[in-house]
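Enquirer: Use the sequences and the hints to build the structure in full.
Chains as they are written, first to last, in the numbering used here: chain Y, 25 to 484; chain F, 3 to 328.
There may be inaccurate statements among the hints.
To be verified - Going by beta-carbon spacing under 8 angstroms, a handful of chain Y positions derived as facing chain F:
id, residue
1, T217
2, L224
3, D250
Said to hold, decoys possible - To be clear about the criterion: a stretch of chain Y counts as covered by chain F if any three or more of its residues have a C-beta under 8 angstroms from a C-beta of chain F, and this derived list gives those stretches:
id, stretch
4, 225-237
5, 260-268
6, 355-361
Calculated directly from the structure, the hints in this document are not laboratory data. Treat the numbers as computed from the prediction; the structure is a model and nothing was measured. C-beta atoms are modelled at their ideal positions from N, C-alpha and C, and glycine is treated no differently.
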Amino acid sequence: MSIQILMPALSPTMEEGTLAKWLVKEGQSVKAGDVIAEIETDKATMEVEAVDEGVVSRILIPEGSEGVKVNTPIAELDGEGGAEAPAPKAGAEAPKPAPEPEAPKAAEPVPVPAPAAAVAASPTPDSEIPNGTKFQDQTVREALRDAMAEEMRRDADVFLMGEEVGQYQGAYKISQGLLDEFGAQRVIDTPITEMGFAGLGVGASFAGLKPIVEFMTWNFAMQAIDQIVNSAAKTLYMAGGQMGSPIVFRGPNGAAARVAAQHSQNYAAWYAHVPGLKVVAPYFAADAKGLLKAAIRDPNPVIFLENEICYGKTFPVPVMDDFVLPIGKARVVKPGKDITLVSFSITMGLIIDAAAELAKEGIDAEIIDLRSLRPLDTATVIASVKKTNRLVVVEEGWPICSISSELAAQVQGDAFDYLDAPVMRVTGKDVPMPYAANLEKLALPNLADVIAAAKAALYR
Amino acid sequence: MAKKSATAATADRLLQFYRDMLLIRRFEERAGQLYGMGLIGGFCHLYIGQEAVVVGMQAAIGPGDQVITAYRDHGHMLAAGMEPNGVMAELTGRSGGYSKGKGGSMHMFSREKNFYGGHGIVGAQVPLGTGLAFANKYRGNKHVSLTYFGDGAANQGQVYESFNMAAVWKLPVVYVIENNQYAMGTAITRSTSETHLHKRGVSFNIPGEEVDGMDVEAVHAAGQKAVAWCREGNGPYILEMKTYRYRGHSMSDPAKYRTKEEVQEMREKHDPIEGLRARLLKLGGVDEAALKQIDKEIKDIVAISAEFAQTSPEPDPKELWTEVYA
Numbered sequence: 025m026s027i028q029i030l031m032p033a034l035s036p037t038m039e040e041g042t043l044a045k046w047l048v049k050e051g052q053s054v055k056a057g058d059v060i061a062e063i064e065t066d067k068a069t070m071e072v073e074a075v076d077e078g079v080v081s082r083i084l085i086p087e088g089s090e091g092v093k094v095n096t097p098i099a100e101l102d103g104e105g106g107a108e109a110p111a112p113k114a115g116a117e118a119p120k121p122a123p124e125p126e127a128p129k130a131a132e133p134v135p136v137p138a139p140a141a142a143v144a145a146s147p148t149p150d151s152e153i154p155n156g157t158k159f160q161d162q163t164v165r166e167a168l169r170d171a172m173a174e175e176m177r178r179d180a181d182v183f184l185m186g187e188e189v190g191q192y193q194g195a196y197k198i199s200q201g202l203l204d205e206f207g208a209q210r211v212i213d214t215p216i217t218e219m220g221f222a223g224l225g226v227g228a229s230f231a232g233l234k235p236i237v238e239f240m241t242w243n244f245a246m247q248a249i250d251q252i253v254n255s256a257a258k259t260l261y262m263a264g265g266q267m268g269s270p271i272v273f274r275g276p277n278g279a280a281a282r283v284a285a286q287h288s289q290n291y292a293a294w295y296a297h298v299p300g301l302k303v304v305a306p307y308f309a310a311d312a313k314g315l316l317k318a319a320i321r322d323p324n325p326v327i328f329l330e331n332e333i334c335y336g337k338t339f340p341v342p343v344m345d346d347f348v349l350p351i352g353k354a355r356v357v358k359p360g361k362d363i364t365l366v367s368f369s370i371t372m373g374l375i376i377d378a379a380a381e382l383a384k385e386g387i388d389a390e391i392i393d394l395r396s397l398r399p400l401d402t403a404t405v406i407a408s409v410k411k412t413n414r415l416v417v418v419e420e421g422w423p424i425c426s427i428s429s430e431l432a433a434q435v436q437g438d439a440f441d442y443l444d445a446p447v448m449r450v451t452g453k454d455v456p457m458p459y460a461a462n463l464e465k466l467a468l469p470n471l472a473d474v475i476a477a478a479k480a481a482l483y484r
Numbered sequence: 003m004a005k006k007s008a009t010a011a012t013a014d015r016l017l018q019f020y021r022d023m024l025l026i027r028r029f030e031e032r033a034g035q036l037y038g039m040g041l042i043g044g045f046c047h048l049y050i051g052q053e054a055v056v057v058g059m060q061a062a063i064g065p066g067d068q069v070i071t072a073y074r075d076h077g078h079m080l081a082a083g084m085e086p087n088g089v090m091a092e093l094t095g096r097s098g099g100y101s102k103g104k105g106g107s108m109h110m111f112s113r114e115k116n117f118y119g120g121h122g123i124v125g126a127q128v129p130l131g132t133g134l135a136f137a138n139k140y141r142g143n144k145h146v147s148l149t150y151f152g153d154g155a156a157n158q159g160q161v162y163e164s165f166n167m168a169a170v171w172k173l174p175v176v177y178v179i180e181n182n183q184y185a186m187g188t189a190i191t192r193s194t195s196e197t198h199l200h201k202r203g204v205s206f207n208i209p210g211e212e213v214d215g216m217d218v219e220a221v222h223a224a225g226q227k228a229v230a231w232c233r234e235g236n237g238p239y240i241l242e243m244k245t246y247r248y249r250g251h252s253m254s255d256p257a258k259y260r261t262k263e264e265v266q267e268m269r270e271k272h273d274p275i276e277g278l279r280a281r282l283l284k285l286g287g288v289d290e291a292a293l294k295q296i297d298k299e300i301k302d303i304v305a306i307s308a309e310f311a312q313t314s315p316e317p318d319p320k321e322l323w324t325e326v327y328a
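Expert: In structure tokens:
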């Protein structure tokens, strides 16, 4: 009886990976627990063990293949004992892989989802990027790492600390290679002690160092929020300007995948509430790089909200010696005349896709990426609303006292007479994040919600 | 000859201790008075009774060493060399205050004097002071951070997070625990399982010792030893100062949690200033008249600061919006 061995997922958010190496040949016998292959993503390498006993009858995906989708059959095993052979564990419940078992060519580039690619490839040029600049494709993860490495080369006072940032190379591999380049003096593995190392970082910044404090996720930073708000954000004011806190707190924010309520919270509105903090939440890799470099140079405490699901997304990044973007400026990603769609971070993907869908019905949507949440660039949003007269704000976080409620308030104040419809909001549902796959999906904003909100604002 | 000059140096130092402690005492008394007159608002935590701790420790550090503490902080600022005028004017919320009136009693800083606050959240200054020590080690500059906290803060978790990091990374920080026996109105015996707080470093391998915090010479000697330990790269050190505050936790203290007799006993038998005064007279070299002269000078300094704190203008309304961002 033939058993299929499927491409496994290394993490809840992995969609595809590289089949780096086969450690068995066709015709070879294996037992459960034998290592049969190595697979890689841009953040980790893992050994694949056989779950069943048998003989490898066919290798379906050659080693070196990139972009192998999770759950694609990668080999077949002739199980021993015929009917007694247990059903393949993963295969039994796994959804059928949509694209076909044809092995991808090793050299083929990873395809980017179509609508996003269309916008990403030809976005409205960022005014900060000179004409004629070359671009290279990079993941958000690489862009963040390059930003830190460039700033650490430039300024010896910049250092990185956090849990697993050094020897482990980062829980999400953002700090990959930094320990090798900068040494343990500047890439510091901390104990699991969020309040302690957040406060220690703020103290070091009082003394003039420029710490980058990584939280493994922002969910864990609630243990440290007193140091962020009371010590980092308020000291400059309380000291009459004598001393402040030039520090960056960064890490993944918001829902990842299937990690449930305590690991899936979005803190954008929490930190955007606090005077004295700057808050940045990029989506595109170029913005991640240019804004992280700006955050490190900023003399104020900056909250840098990343997104785990976006770490592996690939976008063009300008090839420049020193690419720094201003904090506090939104970007019109695509101009349009009928309706304004505004978002930030991961839900940018939703409004880009929604704009593509709306375009099929002849609706020309303007897409705005806020990028920064404090200062919040309301001027760019209001200018857009004065043109389109309709606004949909999309965010992943909870709806009450949110970024979208703030924007709705500001727009009704400054562009009341220009609105042809109420400001529409699409947000995460007002519940803790559930674990079950179907409920989690319901809790998060989705494409249909965004399209429906846009049509409601257009009375269509 | 050598012996005589050493004695003279000791006498000079003791006289300076006397002067420094007296300045804090008189300053705090005047602050209490201004509070009663409604000129100082909010919370006001007086340091009266604890003066020997900060004066002895400050004399044990050198240029570039840093100081950070919580909200009972006026004494630390004066000991660090900050101007009484600027401190008192901050208490009254005037533009001449160290924070231009925007920080108040609990939040004052002086970059110039290496005084890093003045923090209002119990225990939060401990990771911050550990971070100052981290910066010293990062820069290899041999400076030491004096991080003060009380017996109340000693039960905050972040104190132990800090102890752990300071010990693992051998950071040059002296943790000065000012054990004045009461966390607000809660006696240490009612709140704390191990009341010998210098033992709190045992599980982190941080050496600690108990010091008579009412004796400025004992504080100074212990401080010198601890600071040298840190400066030599041995990591953190804990000094538990057994001390006592005569006044309430803040100005609105009901004083129901301890007896008048207990306070009276401390004032009469253990007062750090009276104790040093008696010792100075016994040692000779100064007489009553000389000490009276010092008393008068201190009174004048404090009177001038009180005057300044009342005449310095309130901050300009525009100051509301400044220094939110650098």
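Enquirer: Would you mind marking each hint as holding or not holding in the structure?
Expert: Each hint, compared with the structure:
{"no.": "1", "hint": "T217", "in the structure": "holds, 4 angstroms"}
{"no.": "2", "hint": "L224", "in the structure": "holds, 4 angstroms"}
{"no.": "3", "hint": "D250", "in the structure": "holds, 6 angstroms"}
{"no.": "4", "hint": "225-237", "in the structure": "holds (count 9)"}
{"no.": "5", "hint": "260-268", "in the structure": "holds (count 9)"}
{"no.": "6", "hint": "355-361", "in the structure": "violated (count 0)"}
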